[in-house]
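Chains A and B are the protein sequences, given in the same order. Number 175 marks the last residue of the first sequence (the working numbering); no jumps. Number 511 marks the last residue of the second sequence (the working numbering); no jumps.
No wet-lab data here; the hints were simulated from the structure. All clues given are correct.
Straight line, CA to CA, 30 Å or less: simulated DSSO-like cross-link-like pairs of lysine-lysine: (1) B:LYS449 <-> A:LYS125; (2) B:LYS118 <-> A:LYS19; (3) B:LYS158 <-> A:LYS19; (4) B:LYS449 <-> A:LYS50; (5) A:LYS50 <-> B:LYS494; (6) B:LYS293 <-> A:LYS50; (7) B:LYS489 <-> A:LYS50; (8) A:LYS125 <-> B:LYS236; (9) A:LYS125 <-> B:LYS259; (10) B:LYS158 <-> B:LYS259; (11) A:LYS125 <-> B:LYS293; (12) B:LYS158 <-> A:LYS50; (13) A:LYS125 <-> A:LYS50; (14) A:LYS50 <-> A:LYS137.
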Amino acid sequence: MQKALLIDPDKCTGCLQCELACSYEHEGVFNPSKSRIRVFTFHQEGRFVPYTCTQCAEAWCQQACPVDAITLNSETGAKDVNDSACVGCKVCTIACPFGTVNYNHSTGKVIKCDLCGGDPKCVSACPTQVIVYVDADQTGYEKMRQWAKQTDNSPAASA
Amino acid sequence: MQYIVAGAGPAGVVACETIRKLSPDASITLIGAEPEPPYSRMAIPYLLSEIIAEQGTYLRKTDGYYEQMNINRLQQRISGIDASASQLKLDNSESLDFDRLLLATGAIPINPPIPGVDLEGVRHCWTLEDAREIAARAKSGSSVVLMGAGFIGCIILESLVKRGVNLTVVERGDRMVPRMMDDTAGNILKQWCVDKGVRVLTSHSITAIEAGEPLSVVLDSGESLSADLVILATGVHSNIDYLQDSSIETDQGILVNGYLQTTHPAVYAAGDVAQGRDFSTGEFTVQAIQPTAVEHGRVAATNMVQDNTLEHQGSLNMNVLDTLGLISTSFGQWMGVAGGDSVCIVDRERYKYLNLQFKDDVLVGISSLGHTENIGVARGLIRGKVSLGQWKVHLQKNPERLMEAWLACSVGVA
Chain A
17 MQKALLIDPD
27 KCTGCLQCEL
37 ACSYEHEGVF
47 NPSKSRIRVF
57 TFHQEGRFVP
67 YTCTQCAEAW
77 CQQACPVDAI
87 TLNSETGAKD
97 VNDSACVGCK
107 VCTIACPFGT
117 VNYNHSTGKV
127 IKCDLCGGDP
137 KCVSACPTQV
147 IVYVDADQTG
157 YEKMRQWAKQ
167 TDNSPAASA
Chain B
98 MQYIVAGAGP
108 AGVVACETIR
118 KLSPDASITL
128 IGAEPEPPYS
138 RMAIPYLLSE
148 IIAEQGTYLR
158 KTDGYYEQMN
168 INRLQQRISG
178 IDASASQLKL
188 DNSESLDFDR
198 LLLATGAIPI
208 NPPIPGVDLE
218 GVRHCWTLED
228 AREIAARAKS
238 GSSVVLMGAG
248 FIGCIILESL
258 VKRGVNLTVV
268 ERGDRMVPRM
278 MDDTAGNILK
288 QWCVDKGVRV
298 LTSHSITAIE
308 AGEPLSVVLD
318 SGESLSADLV
328 ILATGVHSNI
338 DYLQDSSIET
348 DQGILVNGYL
358 QTTHPAVYAA
368 GDVAQGRDFS
378 TGEFTVQAIQ
388 PTAVEHGRVA
398 ATNMVQDNTL
408 EHQGSLNMNV
418 LDTLGLISTS
428 FGQWMGVAGG
438 DSVCIVDRER
448 YKYLNLQFKD
458 DVLVGISSLG
468 HTENIGVARG
478 LIRGKVSLGQ
488 WKVHLQKNPE
498 RLMEAWLACS
508 VGVA
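All chains should be built: construct the whole structure from the sequences, respecting the hints.
Below you can see the structure in the form of structure tokens.
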């Protein structure tokens with residue numbers, strides 16, 4: 017059973033430890049702008065919502081890549097960016113309808129969640145267990161995947 | 098079943114892969130006119146910037162990939178089709194029989210109607226062969242004139258600056274990327290390039306290119322520019338001339354129905370050559386963008402194998418462009434719709450611009466400069482026709498909160 021990130025925003029305090037951990041793991045710096053997980057703030061409601069790639073089955077980013085730089089990691093189920101193949105064209109950043117592919121301002125190349133190869137650092141950094149790493153079918157992202165299927169034209173979606 | 102896919106760009110390659118997935122035993126032939134393995138034209142600017150080598154432009158990177166997929170590759174140019182006889186004619190005067198044919202023959206660059214476009218040292222930037230010629234001439238310190246500041250021109254512009262050439266850009270329109278940006282944004286982008294040391298002449302035409310070493314580029318103002326290299330980026334059109342004597346109907350591109358099937362039932366079309374459905378308008382147009390090519394390839398191939406079981410919902414027109422580090426995007430009806438309304442924020446000093454277009458409480462288009470974070474969610478909001486309710490008001494106050502609008506209105510977590 018592959019695992020996925022389950023995020024429960026109700027428990028989020030907006031401490032941004034997840035962003036810092038993600039940035040440090042991938043870039044070696046504590047810089048939230050280089051984090052692959054982002055915490056969105058709803059001031060009026062006093063609410064914080066962490067959000068990142070769901071590793072969706074449709075993989076719009078992977079399909080849109082003109083140079084085959086995004087591939088499926090068969091161990092984790094993540095769609096990984098191969099940094100040496102990425103040319104920085106950024107087509108995947110507009111192709112992902114969830115807005116979870118961004119780019120690294122230092123290199124111009126794209127960055128997205130890779131589940132840290134199966135040991136997501138946002139999970140271990142979160143002090144209130146907002147982000148947990150569980151069996152994929154528990155994540156509640158099924159709804160989002162269904163949405164993706166509605167607007168997608170892939171053969172799998174029509175079957 | 099004999100499947101023939103004519104054209105080895107993204108639409109053609111994805112179509113072959115889709116056919117193979119759905120029909121493990123079918124015979125698949127992929128025909129391309131160029132000698133290299135299937136590659137991405139979009140990657141050529143990055144080859145010129147020396148970020149990648151030629152192999153880095155290849156659409157599939159695994160050694161022996163097409164052999165493993167049992168896809169036969171053939172290097173030939175298409176000369177015509179006899180659809181009623183189910184035969185594809187090749188330049189070497191041979192013919193190939195097909196049960197199903199996909200035309201994914203792409204686009205070809207337009208030659209501007211001026212004297213001198215055939216001179217040595219005047220090139221399009223379209224093929225790997227063009228790229229080699231450009232790389233040989235665009236050396237540090239050499240003078241280069243780029244004709245056209247549209248989408249392709251702007252992408253090439255960046256790689257030319259990185260090669261250290263003295264660059265002049267000549268654009269007939271009154272701004273840069275006129276088909277992707279409005280007047281305000283197109284001129285902020287121009288200012289950005291000027292501030293980076295590029296000479297950008299908008300509202301100017303090149304009237305002739307004269308032979309010599311260097312070449313002489315004559316402008317409508319009477320000014321003459323000397324150039325070691327002139328690059329033509331004055332647009333592309335669907336590659337359909339080979340269909341003139343066939344029964345397959347064309348307009349801007351090849352006419353297709355909602356299944357990407359042409360006027361001949363055994364022949365389908367995909368990518369830059371296909372006049373497919375636009376998501377926003379429902380009209381049939383040539384979009385000539387990578388994501389649409391891939392979507393077309395998949396849908397057309399599915400319908401070729403499974404007899405029109407997958408209707409194409411329409412592709413969303415969208416673009417992203419990195420011009421010397423300033424990122425611009427456009428999605429859908431970025432120019433607005435009748436009866437709609439909009440919000441726009443402009444910060445000229447920081448080269449930032451964000452324009453959202455609404456119809457009722459649904460987002461229908463976006464254009465942006467320097468706003469890149471989570472920008473893909475624009476596609477989700479537009480394509481999902483997400484009803485924004487109160488969030489339309491929030492976005493009109495602060496259009497940067499697109500992701501929050503998505504989380505609140507579509508994911509339902511806020």
